[in-house]
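A.B. asks: When you get a sec, could you build the whole thing from the sequences and use the hints?
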Amino acid sequence: MKNWQNIEFSGEELGHYSRHLSIPEFGMEGQKKLKAAKVLAVGTGGLGAPMLQYLAAAGVGTIGIVDFDKVEASNLHRQVLFGASDVGRPKVEVAKKRLQEINPHIDIEVHNVRLTSDNALKIIQEYDVVADGTDNFPTRYLINDACVMLDKPNVHGSIFQFEGQLSVFNYVDEEGNRGPNYRDLFPEPPPPGLVPSCAEAGVLGVLPGIIGCLQASEVIKIITGIGQPLSGKLFLYDAQDFSTRKVNITKNEDNPLRGEDPEITELIDYEAFCGVPSVNGEQQEESEVPEVTVEEYKQWLDSGEDVQLIDVREPHEVEIAEMGGELIPLKTITDNADKISRNKKVVVHCRSGQRSADAIKQLQEKYDFDNLYNLKGGILAWSEKIDENIPQY
Amino acid sequence: MAKIIIPTPLRKYTDQNRAFETDKETLSDAIRQFVDEYPEVKDNLLDEEGSVRSYIKLYIGDEEVNPAKNGSRELNEDTEVSIIPAIAGGK
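Chains as they are written, first to last, in the numbering used here: chain Z, 59 to 451; chain X, 29 to 119.
The reader is advised that the hints may include incorrect statements.
Said to hold, decoys possible - Mimicking DMTMM-like on lysine to aspartate or glutamate, the simulated pairs with C-alpha atoms at most 25 Å apart in a straight line are: (1) X:Lys-40 / Z:Glu-372; (2) X:Lys-97 / Z:Glu-246; (3) X:Lys-31 / Z:Glu-423; (4) X:Lys-40 / Z:Glu-70; (5) X:Lys-40 / Z:Asp-296; (6) X:Lys-40 / Z:Glu-423; (7) Z:Lys-304 / X:Glu-108; (8) Z:Lys-309 / X:Glu-105.
Worth flagging that the hints you see were computed from the coordinates, not collected in a lab.
C.D. replies: This is the structure we're talking about:
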């Protein structure tokens, strides 16, 4: 950490940080380095919420936060920065207020945007360390590549149901040796759908709390130079059987970011790289299957039209929120094609409209259905626009 | 018996089983027995050449292994082969 020697503390600050100052290995030097440091947290979700609170409390002088989401009720079982009264408010605003309450002696910079290939380099270059608490593969590869290009360490945490992973990528040690990056560990992302998001697959609320705190610990170690950062290693935690493992990450000779003449020298289209539809509205392709909006579907019902409704979610989701219809989970849809009418309009729905689109595609390809409509936005849109009594999840 | 530890994202292809015990003595034989038992795992674990896919790692202890490169690696009674997939959740 540069320019830390001239840092000074007020009497109040010395009181706040006194337990750090009492650790011989940490002391005033460690605390000054923290105050001089600028850390960017991408995502204020399950990982970001605990991590940010500890980084703020610890005295990281400048914390940047990138997030474009608003607080939702489904966030509250794990995103402990937020409370019930914050639902509907921009996360970065709520987070800033809460973090300044925890520590009024630090600066919080908010970036209420989605991190993209267009803005990532400009945002990240202002910071010393990046902490990745995002929720999707395109943004993870974007952060990784930007950190390599800008020479920033990337503290990576990720979670799935009961399992967490942690590593420090692109870390340069005191001898100048650069550690591996995310593309050394996983050169390519899994095909869309193999590893569902937390929204689809769920996550144990406390799990991101554990992994997010470990991320905060690694960030603090990198800044202060205390201990050995988790560079070149991947830490794995499974809450179900309380197993922890630490495995070696070897450098991949084919890493396109590496070598004297790297294959990738500027940020790319990460949605295309990960095989997922673009998040940019202008580039969004038209749906491949016929769609119906929740308003149109409501009109069909109100006018007495005979419509069959199929729900392709899982039984446990029906227990959370239900809008009627016959339950045929996606994985069994083609085996149950005989239950689906061919003589009237059939509306297929799921949580957000992705699985139902997949179900329609399968039924069209295998059985030539031509009367199926995907409920755009799924039960979430129905809840938002038609029936607010149905919970969002 | 050696054991293959199955990560959560692949358990939908293994009847939700968390581990697979094998009496095979080499890595490649054990992996072959595993994918024969759960054929749906195969496409998500191995490519056409039998190499581990680029979004998954296999480990014995803390050391990366790959049946296409270390297939003859011997397994002991207490060997654990870990399958570690990329996961992206964070919100």
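A.B. asks: Could you run down the list of hints and mark each one as holding or not?
C.D. replies: Consistency of the hints with the structure:
no.	hint	in the structure
1	X:Lys-40 / Z:Glu-372	13 Å, holds
2	X:Lys-97 / Z:Glu-246	19 Å, holds
3	X:Lys-31 / Z:Glu-423	40 Å, violated
4	X:Lys-40 / Z:Glu-70	54 Å, violated
5	X:Lys-40 / Z:Asp-296	17 Å, holds
6	X:Lys-40 / Z:Glu-423	24 Å, holds
7	Z:Lys-304 / X:Glu-108	14 Å, holds
8	Z:Lys-309 / X:Glu-105	30 Å, violated
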